[in-house]
Amino acid sequence: KNQVEQSPQSLIILEGKNCTLQCNYTVSPFSNLRWYKQDTGRGPVSLTIMTFSENTKSNGRYTATLDADTKQSSLHITASQLSDSASYICVVRWMDSSYKLIFGSGTRLLVRP
Amino acid sequence: KAGVTQTPRYLIKTRGQQVTLSCSPISGHRSVSWYQQTPGQGLQFLFEYFSETQRNKGNFPGRFSGRQFSNSRSEMNVSTLELGDSALYLCASSFSANEQFFGPGTRLTVL
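Taken in order, these protein sequences are the chains called A and B. This note's numbering numbers the first residue of the first sequence as 22 and each following residue consecutively. This note's numbering numbers the first residue of the second sequence as 10 and each following residue consecutively.
Which residues of chain B face chain A? A few of them, derived with a C-beta cut under 8 angstroms, are:
#1 Gly51
#2 Phe54
#3 Asn65
#4 Pro113
#5 Gly114
I should point out that these hints are in silico values taken from the structure, not numbers from a laboratory. Glycine included, C-beta positions come from ideal geometry on N, C-alpha and C.
Chain A on its own, in the form it takes in the complex (with noise of 0.2 angstroms):
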């Protein structure tokens, strides 16, 4: 079954602090993968896609690994601002006949002073 799961479902860090987040999927073949901020009450933003062939994109702060063999993915964030207090959604673009999203929960991110 296709699926996309993300860890930790929340967390908790002080503001200037780094942290990182998990996405392994069980999506076979996937097309790319993104990863979205979605502030409470809002639509998803998108921060980095990367495809199969690429390890690694950055987005200011933000920087997200690919592993395609291992099916994992992570996203760092350095330095962490009160503003990225979000969820953040890792999502899976499944190729088969109708490149479906594969969408993860999320992790709910709290950034504290």
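Starting from the known structure of chain A, arrange chain B on it as the hints suggest.
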């Protein structure tokens, strides 16, 4: 370019009623997808429209339907509302398979 817009932003209905939500995609985008998001279930795919045709459909009952107009604007309809339909409904538009842009969502509360 203006982003994806959804109307209304907030809606309160009672059980048994029906509701129509609207989504205007980014100019030039022909694909529009709809999602339901609840705290317990995360993002659940409802359906995708491309050039006025439903291209993909999720596992939702027939009470959930949608359509897309020639200008790519899309509407989603939910009939005979149930309490469990309370959720944030998100619309996303895309030009290619590589990127999707989400709207702010419509918060539906069913009483």
